[in-house]
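Q: Chains A and B, in that order, are what the protein sequence lines are. Under full-length UniProt numbering, residues 1 to 404 are what the first sequence spells out, in order. Under full-length UniProt numbering, residues 1 to 404 are what the second sequence spells out, in order.
The set of hints was computed from the structure by calculation and includes no laboratory data. Mixed in with the good hints there might be a few duds.
[Stated by the list, open to error] Sample of chain B residues at the chain A side, in silico, Cβ under 8 angstroms:
| no. | residue |
| --- | --- |
| 1 | Arg133 |
| 2 | Thr145 |
| 3 | Thr148 |
All figures in this text were calculated on a predicted structure; none of them were measured in a lab. The beta carbon of each residue, even a glycine, is placed where N, CA and C say it ideally should be.
What follows is each chain in one-letter form.
Protein chains: 2
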Amino acid sequence: MRNPKVVILGAGYGGLMTVTRLQKMVSVNEADITLVNKHDYHYETTWLHEASAGTLHHDRCRYPIKDVIDTNKVNFVQDSVKLIKTDEKKVILENGELNYDYLVVALGAHPETFGIQGLKEYAFTISNINSARQIREHIEYQFATYNTEEEKDDTRLTIVVGGAGFTGIEFLGELANRVPELCREYDIDPKKVRIICVEAAPTALPGFDPELVEYAVNQLQRKGVEFRIGTAIKECTEQGIIVGKDDQTEEIKAGTVIWAAGVRGNSVIEESGFEAMRGRVKVEKDLRAPGHDDVFIIGDCSLIINEEINRPYPPTAQIAMQQGEVCARNLAALIRGKKELEPFKPDIKGTVASLGEDDAVGIALGKKMVGTKASFMKKMIDNRALYMVGGAGLVLKKGKFKFF
Amino acid sequence: MRNPKVVILGAGYGGLMTVTRLQKMVSVNEADITLVNKHDYHYETTWLHEASAGTLHHDRCRYPIKDVIDTNKVNFVQDSVKLIKTDEKKVILENGELNYDYLVVALGAHPETFGIQGLKEYAFTISNINSARQIREHIEYQFATYNTEEEKDDTRLTIVVGGAGFTGIEFLGELANRVPELCREYDIDPKKVRIICVEAAPTALPGFDPELVEYAVNQLQRKGVEFRIGTAIKECTEQGIIVGKDDQTEEIKAGTVIWAAGVRGNSVIEESGFEAMRGRVKVEKDLRAPGHDDVFIIGDCSLIINEEINRPYPPTAQIAMQQGEVCARNLAALIRGKKELEPFKPDIKGTVASLGEDDAVGIALGKKMVGTKASFMKKMIDNRALYMVGGAGLVLKKGKFKFF
Numbered sequence: 001m002r003n004p005k006v007v008i009l010g011a012g013y014g015g016l017m018t019v020t021r022l023q024k025m026v027s028v029n030e031a032d033i034t035l036v037n038k039h040d041y042h043y044e045t046t047w048l049h050e051a052s053a054g055t056l057h058h059d060r061c062r063y064p065i066k067d068v069i070d071t072n073k074v075n076f077v078q079d080s081v082k083l084i085k086t087d088e089k090k091v092i093l094e095n096g097e098l099n100y101d102y103l104v105v106a107l108g109a110h111p112e113t114f115g116i117q118g119l120k121e122y123a124f125t126i127s128n129i130n131s132a133r134q135i136r137e138h139i140e141y142q143f144a145t146y147n148t149e150e151e152k153d154d155t156r157l158t159i160v161v162g163g164a165g166f167t168g169i170e171f172l173g174e175l176a177n178r179v180p181e182l183c184r185e186y187d188i189d190p191k192k193v194r195i196i197c198v199e200a201a202p203t204a205l206p207g208f209d210p211e212l213v214e215y216a217v218n219q220l221q222r223k224g225v226e227f228r229i230g231t232a233i234k235e236c237t238e239q240g241i242i243v244g245k246d247d248q249t250e251e252i253k254a255g256t257v258i259w260a261a262g263v264r265g266n267s268v269i270e271e272s273g274f275e276a277m278r279g280r281v282k283v284e285k286d287l288r289a290p291g292h293d294d295v296f297i298i299g300d301c302s303l304i305i306n307e308e309i310n311r312p313y314p315p316t317a318q319i320a321m322q323q324g325e326v327c328a329r330n331l332a333a334l335i336r337g338k339k340e341l342e343p344f345k346p347d348i349k350g351t352v353a354s355l356g357e358d359d360a361v362g363i364a365l366g367k368k369m370v371g372t373k374a375s376f377m378k379k380m381i382d383n384r385a386l387y388m389v390g391g392a393g394l395v396l397k398k399g400k401f402k403f404f
Numbered sequence: 001m002r003n004p005k006v007v008i009l010g011a012g013y014g015g016l017m018t019v020t021r022l023q024k025m026v027s028v029n030e031a032d033i034t035l036v037n038k039h040d041y042h043y044e045t046t047w048l049h050e051a052s053a054g055t056l057h058h059d060r061c062r063y064p065i066k067d068v069i070d071t072n073k074v075n076f077v078q079d080s081v082k083l084i085k086t087d088e089k090k091v092i093l094e095n096g097e098l099n100y101d102y103l104v105v106a107l108g109a110h111p112e113t114f115g116i117q118g119l120k121e122y123a124f125t126i127s128n129i130n131s132a133r134q135i136r137e138h139i140e141y142q143f144a145t146y147n148t149e150e151e152k153d154d155t156r157l158t159i160v161v162g163g164a165g166f167t168g169i170e171f172l173g174e175l176a177n178r179v180p181e182l183c184r185e186y187d188i189d190p191k192k193v194r195i196i197c198v199e200a201a202p203t204a205l206p207g208f209d210p211e212l213v214e215y216a217v218n219q220l221q222r223k224g225v226e227f228r229i230g231t232a233i234k235e236c237t238e239q240g241i242i243v244g245k246d247d248q249t250e251e252i253k254a255g256t257v258i259w260a261a262g263v264r265g266n267s268v269i270e271e272s273g274f275e276a277m278r279g280r281v282k283v284e285k286d287l288r289a290p291g292h293d294d295v296f297i298i299g300d301c302s303l304i305i306n307e308e309i310n311r312p313y314p315p316t317a318q319i320a321m322q323q324g325e326v327c328a329r330n331l332a333a334l335i336r337g338k339k340e341l342e343p344f345k346p347d348i349k350g351t352v353a354s355l356g357e358d359d360a361v362g363i364a365l366g367k368k369m370v371g372t373k374a375s376f377m378k379k380m381i382d383n384r385a386l387y388m389v390g391g392a393g394l395v396l397k398k399g400k401f402k403f404f
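Generate coordinates for the entire structure from the input sequences, incorporating the hints supplied.
A: Quick look at the structure:
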């Protein structure tokens with residue numbers, strides 16, 4: 001009798017947690033485990049705003065997958081997933097195919113551009129290591145070019161951030177800290193630089209505690225960030241953006257536009273025929289896709305309803321990792337022929353948004369907190385994610401210890 | 001009786017040497033000395049190839065002018081020179097005017113593009129701090145962008161260097177060392193990167209000892225540089241360059257084109273009515289402009305004939321600094337009412353071209369040398385230039401000591 005084949009797609013928070021837990025639970029005689037990922041490294045999606053601003057080197061935000069998987073138990077395939085053929089129990093990769101008995105889809109998110117014209121062509125998104133370092137270099141190139149031109153174009157030094165949600169706010173915090181450094185590096189008068197955040201919703205950080213939102217906005221404004229709240233981006237062009245508010249439109253010229261206003265599930269989900277809302281599949285309690293007893297979907301491709309408010313939980317690393325733990329246990333159960341699977345229930349331990357290296361706002365351990373205390377907590381959360389996947393060794397190697 | 005006004009235009013090698021020598025020779029009661037420079041810093045033009053490649057930070061290639069001038073004796077005006085009106089003994093600046101009794105024109109060089117179409121628009125030149133760091137950032141941005149694109153465009157990673165003269169060869173040496181670092185930083189297969197040097201003359205380093213030229217070309221080829229010797233750039237486009245050889249033309253697509261094939265004197269020279277060849281004035285023995293007893297022209301704006309071969313000396317830092325010394329003595333003489341001025345005679349102590357951090361070729365102390373020995377000598381030459389302007393303190397601060 002052959003071992004069941006377990007295939008895990010994606011080495012983000014959810015996929016990697018699944019693999020690292022599963023490899024401890026099952027023996028080589030119980031299952032053949034294969035992990036598929038586009039790159040040979042895992043990256044900390046929740047740290048990419050730092051790499052994008054240039055305040056943390058992108059190599060600090062990633063580590064080799066082989067450092068955390070047990071290569072005696074797990075095969076690693078570096079490839080891109082093109083399609084899942086659930087009827088044939090098969091995954092089509094760019095350079096091959098894989099059969100599975102049990103599949104875990106943890107392919108993460110894609111940027112959601114809501115059909116806004118020009119965003120794909122002209123705006124950057126904080127999506128992965130490649131895009132983060134491109135943003136960093138793009139901004140540096142704009143600053144480097146400014147002084148070489150006879151006719152100075154101040155809009156080169158304008159950076160627009162679309163979206164004042166979690167990613168937008170965290171990126172603004174890093175950027176506001178980075179700009180004075182960039183001005184020194186490229187001999188630029190800081191007064192020439194503008195950072196403008198455009199948010200369509202009536203508030204920054206929608207859904208966050210209003211007192212914390214006010215603190216965050218005030219702190220960022222103090223560092224020079226301009227907010228355009230209740231203002232929608234209508235179009236993105238080579239020169240900047242067109243915004244609209246109360247039937248008025250306005251052009252904001254900007255050398256750099258970063259789109260940080262939302263994500264949707266990986267496009268493979270919809271292309272493979274799963275029923276989805278914005279690429280996210282409303283999974284069963286046990287994290288399996290409806291109608292597919294052999295397919296788990298976790299992380300940003302999954303949708304879980306918060307029953308208290310009857311709205312979906314936002315996709316976060318925290319939920320993805322918790323799903324990974326449950327998914328690993330459920331896989332082990334299936335491998336051992338059990339029929340009863342464990343239901344998933346998120347346990348939201350806290351939410352902290354950083355505002356640069358030494359400031360943050362959030363709720364953790366049931367308490368509202370701001371400033372250095374919140375910043376300390378944020379770093380502990382970042383370190384905890386490393387610990388859960390790679391143990392103390394990974395925390396020592398990649399952790400954040402610059403507390404004060 | 002008022003003090004004579006001495007105005008020195010430019011704080012490059014020639015201008016700064018003139019000022020730092022003159023301030024030691026004359027008292028505040030003898031002359032009013034004014035130094036005009038576009039920036040408040042001096043930069044080492046001969047190190048800019050390193051800043052451009054990204055192997056040396058641009059801040060290492062500059063120092064504040066106030067660190068080397070005696071501000072009790074010298075007024076510093078930060079401004080750009082627009083025009084010299086010799087008949088009115090006046091200099092027109094962007095933001096003002098200055099009268100002079102004695103003028104020193106040390107305004108340096110501009111790139112010479114020989115009328116080649118598209119060079120000004122699409123090629124970078126290694127001209128100053130601003131352009132050097134723009135080149136560095138441009139190349140980094142090309143590398144950063146490569147992996148973000150679905151359709152990979154390998155020509156993004158092609159760097160064309162126009163000219164295999166001194167600057168071209170030195171830049172190639174740095175670039176060949178830098179590329180492996182860039183490939184690691186941006187996850188790029190080094191095989192995808194091309195460095196192509198195009199030179200119209202029948203040899204690299206024209207005028208250099210053929211044995212040394214062979215060594216240099218071999219070393220650079222070993223590091224992956226491709227040479228197209230006897231090949232002229234016909235046009236530069238947004239996509240790269242068009243080259244011609246033996247009536248054949250060819251397009252070389254490249255994400256980066258650096259033009260390093262020659263300089264001419266600052267355009268202010270010709271605009272101010274001085275008789276000049278490519279912006280360089282054939283000065284009298286005492287370094288004054290023909291017909292202008294009150295105007296010295298030194299450095300890259302001056303032209304001195306090497307009588308042994310009846311051809312002009314190439315413009316170098318070495319000659320500019322030696323001219324600065326003579327110019328300072330001649331100014332002091334004029335200030336003190338002497339009529340007899342000292343003639344200038346270049347004393348070429350050696351010429352060494354670096355091929356990256358640890359390799360070089362050249363002639364110094366009358367000997368041909370290559371490799372680490374030549375590289376050591378090159379760094380001593382760089383340190384000597386610092387010593388002559390700013391003494392031991394400046395050498396300690398900005399000198400090159402990474403010998404092996």
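Q: Interface hint check: Arg133 (chain B), Cβ to nearest Cβ on chain A, cutoff 8 angstroms. Holds or violated?
A: holds, 5 angstroms
Q: Min Cβ distance, Thr148 (chain B) to chain A: is it shorter than 8 angstroms?
A: holds, 5 angstroms
Q: Holds or violated: is there a CB of chain A closer than 8 angstroms to the CB of Thr145 (chain B)?
A: OK, holds: Thr145 (chain B) within 8 angstroms of chain A, min 6 angstroms.
Of the hints listed earlier, there is not a single one the structure fails to meet.
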